[in-house]
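So the sequence lines, in the order shown, correspond to chains A and B. Residue numbers for the first sequence follow the numbering used here, beginning at 23 and rising by one. Residue numbers for the second sequence follow the numbering used here, beginning at 111 and rising by one.
Wrong hints could be hidden among the right ones.
Simulated restraints on C-beta separations [unchecked claim]:
{"#": "1", "chain 1": "B", "residue 1": "Gly120", "chain 2": "A", "residue 2": "Asn73", "range": "22 to 30 angstroms"}
{"#": "2", "chain 1": "A", "residue 1": "Gly106", "chain 2": "B", "residue 2": "Thr117", "range": "32 to 40 angstroms"}
{"#": "3", "chain 1": "A", "residue 1": "Gly80", "chain 2": "B", "residue 2": "Val188", "range": "23 to 31 angstroms"}
{"#": "4", "chain 1": "B", "residue 1": "Pro220", "chain 2": "A", "residue 2": "Gln39", "range": "22 to 30 angstroms"}
{"#": "5", "chain 1": "B", "residue 1": "Gln118", "chain 2": "A", "residue 2": "Asn99", "range": "34 to 42 angstroms"}
Calculated directly from the structure, the hints in this document are not laboratory data. A virtual CB, placed ideally from N, CA and C, is assigned to each residue, including glycine.
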Amino acid sequence: DSGVTQTPKHLITATGQRVTLRCSPRSGDLSVYWYQQSLDQGLQFLIQYYNGEERAKGNILERFSAQQFPDLHSELNLSSLELGDSALYFCASSVAPSSLQETQYFGPGTRLLVL
Amino acid sequence: AQKITQTQPGMFVQEKEAVTLDCTYDTSDQSYGLFWYKQPSSGEMIFLIYQGSYDEQNATEGRYSLNFQKARKSANLVISASQLGDSAMYFCGEYEKLVFGKGTKLTVNP
Numbered sequence: 023d024s025g026v027t028q029t030p031k032h033l034i035t036a037t038g039q040r041v042t043l044r045c046s047p048r049s050g051d052l053s054v055y056w057y058q059q060s061l062d063q064g065l066q067f068l069i070q071y072y073n074g075e076e077r078a079k080g081n082i083l084e085r086f087s088a089q090q091f092p093d094l095h096s097e098l099n100l101s102s103l104e105l106g107d108s109a110l111y112f113c114a115s116s117v118a119p120s121s122l123q124e125t126q127y128f129g130p131g132t133r134l135l136v137l
Numbered sequence: 111a112q113k114i115t116q117t118q119p120g121m122f123v124q125e126k127e128a129v130t131l132d133c134t135y136d137t138s139d140q141s142y143g144l145f146w147y148k149q150p151s152s153g154e155m156i157f158l159i160y161q162g163s164y165d166e167q168n169a170t171e172g173r174y175s176l177n178f179q180k181a182r183k184s185a186n187l188v189i190s191a192s193q194l195g196d197s198a199m200y201f202c203g204e205y206e207k208l209v210f211g212k213g214t215k216l217t218v219n220p
């Protein structure tokens with residue numbers, strides 16, 4: 023158990039819908055990262071927050087948005103869902119924002135299926 | 111752009127033998143960090159090992175070691191004394207740009 027929690031574990035929804043994925047980082051970690059893992063694209067970094075502020079952006083679509091709240095939990099919002107958004111979405115956390123020696127601890131992931 | 115290449119889609123190894131999983135990277139940065147994660151069939155991502163570009167010695171963590179060859183831009187993972195529980199997907203990646211390779215599926219045979 024990494025200490026990072028993600029809810030829900032599984033999510034099934036329809037095209038065009040909007041969903042919210044939730045992540046609670048390890049105790050003491052200030053940085054949260056979101057990743058998408060799909061069969062065709064592999065594991066892709068989406069976005070990073072550090073202590074409530076956006077820190078880095080990766081391949082995140084405009085239909086997707088995220089935020090980190092004062093209690094450090096984070097939410098990833100996916101809207102106007104398409105079939106291709108079906109994937110495993112991971113949240114990871116680390117203590118510091120961008121140290122090269124900072125280990126990221128991954129949550130168990132949320133498996134999203136868009137029908 | 112940073113790029114991570116894992117050329118072995120799948121690898122097989124006998125239990126108790128050593129195996130090397132290949133990873134090459136492409137960066138013009140002077141300072142960078144490379145890591146390996148393991149993903150069992152259950153789906154979670156487990157951190158294995160990290161190597162900084164300025165580290166003079168190869169990183170080791172138990173049965174895992176990283177064969178870092180800076181001039182060749184390679185950061186291969188060596189697993190010694192393979193166990194059945196090592197069967198999983200293995201991902202190489204780079205910390206600065208948060209880029210992962212496509213992964214290598216390792217199967218350990220009894």
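query: What hint numbers does the structure not satisfy?
result: 1, 2, 4
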